Amino acid sequence: MSKIYLAFTTVPKRMFAEFNSISRPPRLLLSYFYLGTANRASMMRFSEWVLDSGAYSAESRGKPIKLDDYMRYIMEGVPKLPIGPPTTIFALDVIGDWRASLKNAQTMVGYGIDAVPTFHFGSPMEALKDMAAQFPRIAVGGIARGRPEQKQRFFDECMGIVWPKLVHGFGITVTSIAERTPFDSIDSTTWGNPLRYGYYPRLGGSKMRTSYADSSIRTEVESYLRLEDKLASYWGPRLNPLRAEYLRTFKATPFLKEPYSV
Numbered sequence: 018m019s020k021i022y023l024a025f026t027t028v029p030k031r032m033f034a035e036f037n038s039i040s041r042p043p044r045l046l047l048s049y050f051y052l053g054t055a056n057r058a059s060m061m062r063f064s065e066w067v068l069d070s071g072a073y074s075a076e077s078r079g080k081p082i083k084l085d086d087y088m089r090y091i092m093e094g095v096p097k098l099p100i101g102p103p104t105t106i107f108a109l110d111v112i113g114d115w116r117a118s119l120k121n122a123q124t125m126v127g128y129g130i131d132a133v134p135t136f137h138f139g140s141p142m143e144a145l146k147d148m149a150a151q152f153p154r155i156a157v158g159g160i161a162r163g164r165p166e167q168k169q170r171f172f173d174e175c176m177g178i179v180w181p182k183l184v185h186g187f188g189i190t191v192t193s194i195a196e197r198t199p200f201d202s203i204d205s206t207t208w209g210n211p212l213r214y215g216y217y218p219r220l221g222g223s224k225m226r227t228s229y230a231d232s233s234i235r236t237e238v239e240s241y242l243r244l245e246d247k248l249a250s251y252w253g254p255r256l257n258p259l260r261a262e263y264l265r266t267f268k269a270t271p272f273l274k275e276p277y278s279v
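If you count the sequence shown from 1, position 12 lands on 29 in my numbering, and the numbers rise without skipping.
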């Protein structure tokens, strides 16, 4: 199936009961930069999680992440988490430097971390070809603020180069893009918009404003679960053989479990 991860920063405790009563447990993307979210997520009901470095958030706040710190957390800290190991670990990006980002991914793999590198919008496509030749799975992103048509052109170009590689799409909130592009998985932060901004972008395409006190996340989360089902029925038959091929060389570790077992 095509997986959708809810990028998780924080959910007020008053929302835990509502989140935990949603029809089925969603998937989460947690960030190393927001370490406290792992402990809060332990109080929530979800099916699996993936780990991102949070490099963009860190850079924007003037607190860049060191590769040694990130790897140490993965190898020593992750096995101790109450939520169990993630199914995917994304490599540490260096914003604006594709060469340094690729080197970080190579270093992580060299230390036994099956890291997934990310190709960012604006980097040369030759770098994407090189990345696809070295890694069995990749991620694409860095265009969350772009126009829908600009995003689609970017993703079409990326897929034209790397397919049939397994690809994760960062920050995919436009349904038409998710339906048209054979992503193995995507993630989005907009499920939390009712809490952050008081509106529901996926409620029939409207922006129904509410007060923070009256906001609910159920509508948004369940809309993503329905989209996940739709994508799975369409793209699943094409992606499943690629996943089976990937699993032939995958090795589980104390800090990473098999990505297609959930």
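If you're looking for bench data, these hints aren't it; they were derived computationally from the structure. Just so you know, not all the hints are guaranteed correct.
[Claimed, not checked] Between beta-carbon pairs, the in silico distance windows are:
hint : residue 1 : residue 2 : range
1    : Asn37     : Gln123    : 38 to 44 Å
2    : Tyr251    : Arg62     : 33 to 39 Å
3    : Gly101    : Asp246    : 23 to 29 Å
Please read all numbers here as calculations on a predicted model, not as lab measurements. Even for Gly, the Cβ is constructed at its ideal location relative to N, Cα and C.
Here is how each hint holds up against the structure:
1. Asn37 - Gln123: 38 to 44 Å: Hint holds: Cβ distance 40 Å, inside 38 to 44 Å.
2. Tyr251 - Arg62: 33 to 39 Å: Check failed, 27 Å falls outside 33 to 39 Å.
3. Gly101 - Asp246: 23 to 29 Å: Hint holds: Cβ distance 24 Å, inside 23 to 29 Å.
When each numbered hint is compared with the structure, a violation occurs for hint 2 only.
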